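**Q** If you read the sequences in order, they're chains X and U. The first sequence begins at 1 in my numbering and counts up by one. The second sequence begins at 1 in my numbering and counts up by one.
It is worth saying that the hints were derived from the structure and are not from the lab. Any given hint could be a false lead.
Said to hold, decoys possible - Only part of the chain X face toward chain U is listed, based on derived beta-carbon distances under 8 angstroms:
| id | residue |
| --- | --- |
| 1 | Arg-181 |
| 2 | Ser-184 |
| 3 | Gly-426 |
| 4 | Gln-427 |
| 5 | Met-473 |
| 6 | Leu-475 |
Note that this is a predicted model, so its numbers are computed, not measured. The beta-carbon is built from N, C-alpha and C at its ideal position, and this holds for glycine as well.
Chain by chain, the residues run as shown.
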Amino acid sequence: MEELLNDFLAETADHLEQVGTQIVHFEQDPSDRAAIGNIFRLVHTIKGTCGFLELNRLEKVAHAAETLISLVREEGRAETAHVSLILATLDRIRFILDNLESGGKEPDGHDSELIAALEAAAASAKCRSASNAADPAHPATQALPEGVLTADAVIASGTSAQNREPSSIRVAVGTIERIMRLVSELVLTRNQLLEIARAQPNEDFSGPLQRLSTVTSDLQDGIMHARMQPIERLFGPLPRMVRDLGQDLGKKVELAIEGSDTELDRQMIDLLRDPLTHIIRNCIDHGIELPQDRLAAGKSAAGVISISAAHEAGHISVRIADDGRGLDVKRIREKALTLGLSTDEDIARMGNDELCRFIFSPGFSTASNVTNVSGRGIGMDVVRENIESIGGTVSLATAPGRGTTFILKVPLTLAIAPALIFEIAGQRYAIAQHAVVEAVSCMQDGISRIQFAQGAPMFELRDQLVPVADMHMILGLDNEAPSNRLAVVVRAGSATFAMTADNVADVQEIVVKPLDRTLSHLGIYAGSTILGDGSVVLILNPNGLAARIGLDGSNQFRVDTTQLDLPPEKKATSLILFRAGEGALKALPLSLISRIESIGSRYISVADGQLVVTHREALMPLIALGNCAGPGNRLTDPSRENWPVLIVGVGGEPMGLLVSEIVDITDSFLDIDIAGATPAIIGSTTIRGEAAEVLDLAHYMKTARPGAFERGHARRFRIMLVDDKLFFRDLLAPIISAAGYEVTPVASAAEGLSILKRGVNFDLIVTDVDMPDMDGYSFARELSENPRTRNIPVIAMDAHAGKAVVEAAHNAGMRGVIGKFDRQGLLTSLRGVLDASAFTSSALEKRLTAEKAA
Amino acid sequence: MNRPELDRKYGAIKAEKASSGRIVIFTIYVGGEKFGLPIDCVKTVFHSTSITSVPLAPRRMIGLINLRGHVVTAICLNRSLGMNKAPSNETLMVAVDHNGEGFALSVEKVGDVIEVSDEDRIPIPSTISALRRKMTDAVYRTSGGIVPVLNIQSLLDTDSELAA
Numbered sequence: 001m002e003e004l005l006n007d008f009l010a011e012t013a014d015h016l017e018q019v020g021t022q023i024v025h026f027e028q029d030p031s032d033r034a035a036i037g038n039i040f041r042l043v044h045t046i047k048g049t050c051g052f053l054e055l056n057r058l059e060k061v062a063h064a065a066e067t068l069i070s071l072v073r074e075e076g077r078a079e080t081a082h083v084s085l086i087l088a089t090l091d092r093i094r095f096i097l098d099n100l101e102s103g104g105k106e107p108d109g110h111d112s113e114l115i116a117a118l119e120a121a122a123a124s125a126k127c128r129s130a131s132n133a134a135d136p137a138h139p140a141t142q143a144l145p146e147g148v149l150t151a152d153a154v155i156a157s158g159t160s161a162q163n164r165e166p167s168s169i170r171v172a173v174g175t176i177e178r179i180m181r182l183v184s185e186l187v188l189t190r191n192q193l194l195e196i197a198r199a200q201p202n203e204d205f206s207g208p209l210q211r212l213s214t215v216t217s218d219l220q221d222g223i224m225h226a227r228m229q230p231i232e233r234l235f236g237p238l239p240r241m242v243r244d245l246g247q248d249l250g251k252k253v254e255l256a257i258e259g260s261d262t263e264l265d266r267q268m269i270d271l272l273r274d275p276l277t278h279i280i281r282n283c284i285d286h287g288i289e290l291p292q293d294r295l296a297a298g299k300s301a302a303g304v305i306s307i308s309a310a311h312e313a314g315h316i317s318v319r320i321a322d323d324g325r326g327l328d329v330k331r332i333r334e335k336a337l338t339l340g341l342s343t344d345e346d347i348a349r350m351g352n353d354e355l356c357r358f359i360f361s362p363g364f365s366t367a368s369n370v371t372n373v374s375g376r377g378i379g380m381d382v383v384r385e386n387i388e389s390i391g392g393t394v395s396l397a398t399a400p401g402r403g404t405t406f407i408l409k410v411p412l413t414l415a416i417a418p419a420l421i422f423e424i425a426g427q428r429y430a431i432a433q434h435a436v437v438e439a440v441s442c443m444q445d446g447i448s449r450i451q452f453a454q455g456a457p458m459f460e461l462r463d464q465l466v467p468v469a470d471m472h473m474i475l476g477l478d479n480e481a482p483s484n485r486l487a488v489v490v491r492a493g494s495a496t497f498a499m500t501a502d503n504v505a506d507v508q509e510i511v512v513k514p515l516d517r518t519l520s521h522l523g524i525y526a527g528s529t530i531l532g533d534g535s536v537v538l539i540l541n542p543n544g545l546a547a548r549i550g551l552d553g554s555n556q557f558r559v560d561t562t563q564l565d566l567p568p569e570k571k572a573t574s575l576i577l578f579r580a581g582e583g584a585l586k587a588l589p590l591s592l593i594s595r596i597e598s599i600g601s602r603y604i605s606v607a608d609g610q611l612v613v614t615h616r617e618a619l620m621p622l623i624a625l626g627n628c629a630g631p632g633n634r635l636t637d638p639s640r641e642n643w644p645v646l647i648v649g650v651g652g653e654p655m656g657l658l659v660s661e662i663v664d665i666t667d668s669f670l671d672i673d674i675a676g677a678t679p680a681i682i683g684s685t686t687i688r689g690e691a692a693e694v695l696d697l698a699h700y701m702k703t704a705r706p707g708a709f710e711r712g713h714a715r716r717f718r719i720m721l722v723d724d725k726l727f728f729r730d731l732l733a734p735i736i737s738a739a740g741y742e743v744t745p746v747a748s749a750a751e752g753l754s755i756l757k758r759g760v761n762f763d764l765i766v767t768d769v770d771m772p773d774m775d776g777y778s779f780a781r782e783l784s785e786n787p788r789t790r791n792i793p794v795i796a797m798d799a800h801a802g803k804a805v806v807e808a809a810h811n812a813g814m815r816g817v818i819g820k821f822d823r824q825g826l827l828t829s830l831r832g833v834l835d836a837s838a839f840t841s842s843a844l845e846k847r848l849t850a851e852k853a854a
Numbered sequence: 001m002n003r004p005e006l007d008r009k010y011g012a013i014k015a016e017k018a019s020s021g022r023i024v025i026f027t028i029y030v031g032g033e034k035f036g037l038p039i040d041c042v043k044t045v046f047h048s049t050s051i052t053s054v055p056l057a058p059r060r061m062i063g064l065i066n067l068r069g070h071v072v073t074a075i076c077l078n079r080s081l082g083m084n085k086a087p088s089n090e091t092l093m094v095a096v097d098h099n100g101e102g103f104a105l106s107v108e109k110v111g112d113v114i115e116v117s118d119e120d121r122i123p124i125p126s127t128i129s130a131l132r133r134k135m136t137d138a139v140y141r142t143s144g145g146i147v148p149v150l151n152i153q154s155l156l157d158t159d160s161e162l163a164a
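Whenever a hint applies, use it, and build me the whole structure from the sequences.
**A** In C-alpha cells form, the structure reads like this:
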C-alpha cells in the first residue's frame, strides 16, 4: 500500500504540474477545450485512484469537482465563478496531497463548503443547460461562499517533507538512457578490440580482454534488466479495486489474474496503468450484470473478469475479458447517430464491428446514468490514445450475452525493439518488427508479382490484393529496382500494405533514436538507430508510408466480433518455410527461431565430428538439415559462399540449423496430416498446397545441446500452485520456478478452477489441503470430475505430511503428499510425476499447437 | 580534435572569454572562404567514415552520422551557403550542438581559434546575397581578413531551405 501511495503521489504531482501550466491558459481563455479536458482527466484519475487507496476526503472533492468540470467541458465555455471554483479545487487537491506526502494520511478537516459550492454551481449550470435558456443578460454568477478560497488549505508550502524512504529509487529515464547509450558504445568498442586481438594475437591481453568482454555483456544485460519489471506491479492492486467496485455497484465479480510475472519496461507499466483501470471499471460497470440478471440469463451469479498478460513475439499482450452482457450494438448505433459521428446513411449501413469502433471516439458513453464509476464518456478514447501513443493497439471482441474481451498489445519497451533490417538500393533500413506481418518474395513473372491498377501498384497475396509501397519510387531513388524483390507485408493501424525491399538482411534489437525536426517532418521515418557494426540506419514509419500511398490510417483499431476467445481457439502458427537440400519443403514454428543469419562457409568447420561455427566469440554447434551435409558432416556444396542458418536459443545457448534456402514465412494451421516416421520429423502437413515436413526441433536440440535442452525442457511445464497463504506462495513459487518450471501461484481453489475453466493448461497442480471455502481434497475431487482436468496430476501439500493426510489425499485421487518445508521432496515429486521421458515428439507437437492457440 | 584537446591547444577558452568579455570564434574554410563559428557550440572536429544518406531529405542534409554513439545530422555548408561548387569530399566535419541536438557541418578545413572584440565588428554588408545575410550573425575585421560568423540557428532551420 505504501508503495502504491508513493507512486500515486509521484504521478499525481507530475500530472498536477502539467495541468498547472494549462490552468493559466484556461483562466485567460476558459473555452480552451484541451486545457479543461486535461484538468478533467486529472480529477477523474484522482477520483478513480482514491477509491482503492481509501482517500475519502480527496475522493469527495474530486467527485464534486468532476461533475462541474464535466459540464464546463460539454458547454465549451466557463463563467468566472466556475473558473475560480475549479482553481480552488486544484489548490485543495494539492494541499491534501502535500499533507499525504508529509504525514502519510489525509489532513484532518473537511471540504464541505467547497463541495457544496461545487455542487451548487453544477446544479445551476445543469439546470440552465437543461432549460436550454442561456440568458446572456443574467449569467448565473454564483457567488463564492465565504472562506472557500481563503481556507487555510489553499497554500501549504514548505511542507514537502522528504521522509519517504522507499526500498527502490526513482531514476530519471534520461539517466538510464544515457547509461544504455554508453553501454552500447562500450559494446562496439569491445567488439573492435576483439577484432584486433584476433588479427594480432597477444597472450598478455587475451585474459583481461576476455574478462572485459564478459563484464560488458553482463553490464548490457543488467542495464536492460534495470528497466524491466514484472507486470505484477500493475496487477497487484486490481483484486482490491475489483472487489470494491463490485460492492459499490451491488455486483459479484471474481477476478482471475494470470501471467503476472511477465516482465516489461517500467515505463510501459506506468503507461498501461490508466488504460487498464479504465477498461476494468467499464467491464464491471457496463459489462457484468447484476446477480439476479445473471441468474436469469442462466449464468453464475458472480461475473468473472480475467486478466492475463503474456509475451508474444516482442509484444506484451494484456487481455481483459468479462463474461457479461457484451456491447449493446443497438445503443451504440443510437448514440453514434445522436453524436453525429458519421452520416445517418453510413451508420445505417454499418456492420456491428464497425459500430463497435465508435466506443473509442471521444465523449462516447452508452451508460444512461452517470455513476461514480464510469459513464462520463471518458475512458475508451483515452485508452486508445494512450495505447497508440506507445505504439500499441487496442482490439476488442464482443458477443451479446457472452461478454467482451479487450486486448491491449504493446511493445515490451519503448527503448529497444526488434526490427527487421532490409536493403533498398544498397542502403539498409529498419522497420519495427511488430509492424511486419510477413515477407514474401515477388518476381516480375512469378505468381506473386506486382500488378498495376490504374497506375497504383498492387500485390496479390493469397487471393487478396494488397496495395504496394514501391520504396524505390517513394524514396525517389534513380536506381533500377531489381526484378526479384521482396514484398514485406506491413500493418499500420488497420491498413495492410506491402513494402518492397531488395532483400532482408537481418533481424536485430535496435535502440530507437529520434530524428531532428526537419527529418521527422518527412513522415516516412520513425527515427534512426545504430547497428552493431556502428552504421546508422533509418527506421521507416509504417503509418507515414501508409499515408504516402494514400491509405487512410484513421481507423487505427481492428474490431473482431467473430471470434470471442473464451475457449482457446486454434490459431494459425507462424511458420518459417525452408529447403534443406532435396526433398520436401521443411517447416518450423517461427517462434522457436531467434533469428536468421547468413554465415560464410569459411567460418564453418568440423570439430569432433560436429559442424561448428564461430558465433559471437564462441563456438556454436551447427546441424546441417536434410542432405545439406554428407557423410562426416562434409557440406555437399563446398563451392557455396554463404549458408542461411536458423539460430535457435536453447536456454541461452544458441545452436544453428543450416539449411539450403529460406523460402518464406507464413501463417498456417499446424494440422499434421501424416505423423512422422523418423524421430526428426513431427509429421507432414500441407502448406499452400505443397507438402511440408514439420521438423521436431526437440530432436535436434537434444543432439546439439543436451544439457541446455534438459533445462529448457523443464521450462515447458506449467505448474499451478494453490495456497491461500501468501507466505507459502512466496516461499514455494520461487523454488519451483528456480527448478525451471513455469509456475502460476493461485490464492484459492476457486481461482484455480476459474483459470482452468478458461482453457489454460497445466501439467501439474500442487495444492494446499487446508484452505477456507474449498479445501484441497474437494478441489482434487472437482478436478477429477471434469473430463478436461481429470488427467492433470494433483499433489497435496501440508505442513505435516502425516498418515491421515496421505490417506485422505489418496482417497481424493491425488498423486502424492509433500511437506511444505520439504524443498527437496517437492522437487523430487515434481520430477517424478512429470517424468521427462513422457516428453515425446507428439507431446511437443500438442504443446506447440496449444501454445500458439493460447 | 575533441573539446579537451581544443582546450589544451588553445587554452581555457571559456575562462578567457569570461574575463575579458571578448569573443572567441572558431574559424573554418568552406568553398575557399573563411567563416567563423561561435566557439561555444563547437564540440569536436572529426572525419566521418560512413554517412547514411536520407532519401527525400533537403539537399543541404548530407545524411546521418554515428558520432560516438550519437546520431547527428550532417549538413553541407557549401549548399547551405548557396555555393555552386560542390565539395570534392565531405568527410571533415565540425560537430556542433544546438539546443541539445547534435549536428555535423561539413567543412573544407578548420582554421585557428581567434579572438575578436566588439570594436572589430562591422555591419553586415548589404551587398551580400540575401541567403548569405540570413546565415550570418556578425562580421568581424581581423588581421587575417574579414570573418563572417555564421548563425547556427539559420543554418539548421528548415525554413531557410533554398535550392542551391
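**Q** Run every hint past the structure and note whether it holds.
**A** Status of the hints after comparison with the structure:
1. Interface hint status for X:Arg-181: upheld, as the beta-carbon distance to the closest one in chain U is roughly 5 angstroms, under 8 angstroms.
2. A hinted interface residue such as X:Ser-184 counts as satisfied when its beta carbon comes closer than 8 angstroms to some beta carbon of chain U; here the least separation is about 6 angstroms, so the hint holds.
3. Violation of the interface hint for X:Gly-426 is found here, the shortest Cβ-Cβ separation to chain U being roughly 10 angstroms, above the 8 angstroms cut-off.
4. Taking 8 angstroms as the C-beta cut-off, the interface hint given for X:Gln-427 holds, the closest approach to chain U being about 7 angstroms.
5. The beta carbon of X:Met-473 is not positioned within 8 angstroms of any beta carbon in chain U (closest approach about 11 angstroms), and the interface hint is therefore violated.
6. For X:Leu-475, the interface hint holds, since its Cβ comes within 8 angstroms of a Cβ in chain U; the closest pair sits about 4 angstroms apart.
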